[in-house]
Amino acid sequence: MLDDRTRRGIATTLAVLSALALLALVRVFLQSERGQVVDNLGRDTAAAGTAADYSEDFLTVVSTGFVAACLAALLLVAVVQRHWQSAVGAVVVVGGANLTTQLLKDVLTRPDYGVDIGAGNSLPSGHTTVAASLGAAALLVTPHRWRPLVALLAAGYTAATGVATLLGGWHRPSDVLAAVTVVAVWSLAVSAALPLRSPVAAEHGLEQPPPADPAGWRRGWGEVAATRLLAVGTALGAVVAVGGLVLVLAGWIGPGTPSVVRYVGPAAASFAAACALAWATLLLTPRTDNVVHTY
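With this note's numbering applied, the sequence shown covers 12 to 306.
Heads up, some of the hints might be wrong.
[Claimed, not checked] With a Cα cut of at most 20 Å, we get these calculated SDA-like pairs of lysine to any residue:
(1) Lys-116 x Leu-34
(2) Lys-116 x Leu-31
(3) Lys-116 x Tyr-65
(4) Lys-116 x Ala-204
(5) Lys-116 x Ser-43
(6) Lys-116 x Gly-106
(7) Lys-116 x Thr-75
(8) Lys-116 x Val-39
(9) Lys-116 x Gln-42
(10) Lys-116 x Leu-163
(11) Lys-116 x Trp-181
(12) Lys-116 x Arg-93
(13) Lys-116 x Gly-180
(14) Lys-116 x Gln-92
[Claimed, not checked] What follows is a list of derived Cβ distance ranges for each label pair:
(15) Pro-269 x Arg-156: 39 to 47 Å
(16) Gly-233 x Tyr-124: 45 to 53 Å
(17) Thr-17 x Gly-254: 27 to 35 Å
I should point out that these hints are in silico values taken from the structure, not numbers from a laboratory. Each residue gets a CB set at the ideal place from its N, CA and C atoms; glycine is no exception.
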């Protein structure tokens, strides 16, 4: 098990790496001509008919009221359990990630290389940021025994939202990946800032968790299963996404390739990013259950 210092160090390191990944996405897919060409292959897969209609119906649910209602529900869960620090963390993650996304949309510009004339910047995806940030916030306030299930649901919702934006032609693949990296920066930074011990334990003067459980929690079968599923999902999605990118760069996939084939790689990348975010958050978010250990 990880001790608190190691956990904080890993979370901080991953937050920095996520920020660097965001910068790389901007440099490669937004500010370079070749990157724009490759990225547009993933956007020009907007499905016609039922799939596009479904995507639009799915995405239009997201609104300011929707975000406020979800955040209020999460705060209620935290307050009922007296998880004050987790409540603050949830607000910071959701607010910080979504404000960052909107700021980047305004600040970043998309150079016109003739790839998609007149198209402005759409990076990062606002809808994907909402989904990913709510999922990360849910993991912060959820009782420990329910976190494995919440992590899987969060990954699924984030991936579904990202894929829907691609299906409907709302966003490019880099927009979705950038949104996940923005949330990862905020989520991991908050996880690193949160203390390992619970508020009630602190009130009783228990500065450290039991020696037999140095990370403050025991990994049950549910958490082991969830972390393995998320790890496998991350690996498989990444392999498919990288394979698709290699085929694109080699010229095997291009504008004339059927959209369903061009769509596989971007969808896999969205799935891998969603799984990776949920996986890291599940492993590195400290336990907040109000359990007083006696020993």
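The hints, checked one at a time:
1. As the CA atoms of Lys-116 and Leu-34 are separated by approximately 14 Å, the hinted pair is consistent with the 20 Å bound.
2. Of the supplied pair hints, the one linking Lys-116 and Leu-31 holds, its CA atoms being roughly 18 Å apart against a limit of 20 Å.
3. The straight-line distance between the Cα atoms of Lys-116 and Tyr-65 is roughly 26 Å, outside the 20 Å bound, and the hint therefore fails.
4. Note on Lys-116 and Ala-204: the hinted pairing is violated, with a Cα-Cα distance of about 27 Å set against a maximum of 20 Å.
5. For the hint pairing Lys-116 with Ser-43, the CA-to-CA distance comes to about 17 Å; that is within 20 Å, so the pair holds.
6. This hinted pair checks out: Lys-116 and Gly-106 have alpha carbons roughly 16 Å apart, not beyond 20 Å.
7. Simply put, Lys-116 and Thr-75 have alpha-carbon atoms about 17 Å apart, close enough for the 20 Å limit, and the pair holds.
8. A threshold of 20 Å between alpha carbons decides the hint, and for Lys-116 with Val-39 the separation of about 16 Å falls inside it, so the pair holds.
9. Of the supplied pair hints, the one linking Lys-116 and Gln-42 holds, its CA atoms being roughly 14 Å apart against a limit of 20 Å.
10. For the suggested pair Lys-116 and Leu-163, the alpha carbons sit about 29 Å apart, so the restraint of at most 20 Å is broken.
11. With a CA separation close to 14 Å, the supplied pair Lys-116 and Trp-181 stays within the 20 Å bound.
12. A threshold of 20 Å between alpha carbons decides the hint, and for Lys-116 with Arg-93 the separation of about 36 Å lies outside it, so the pair is violated.
13. For the given pair, Lys-116 sits about 17 Å from Gly-180 by alpha-carbon distance, which is consistent with the 20 Å threshold.
14. A hinted pair counts as satisfied when its Cα atoms are at most 20 Å apart, and Lys-116 with Gln-92 does not qualify at roughly 37 Å.
15. For Pro-269 and Arg-156, the Cβ-Cβ distance of about 45 Å falls inside the hinted range of 39 to 47 Å, so the restraint holds.
16. A C-beta distance of roughly 49 Å is found between Gly-233 and Tyr-124, which places it inside the suggested range of 45 to 53 Å.
17. The given range of 27 to 35 Å is respected by Thr-17 and Gly-254, whose C-beta atoms sit roughly 34 Å from each other.
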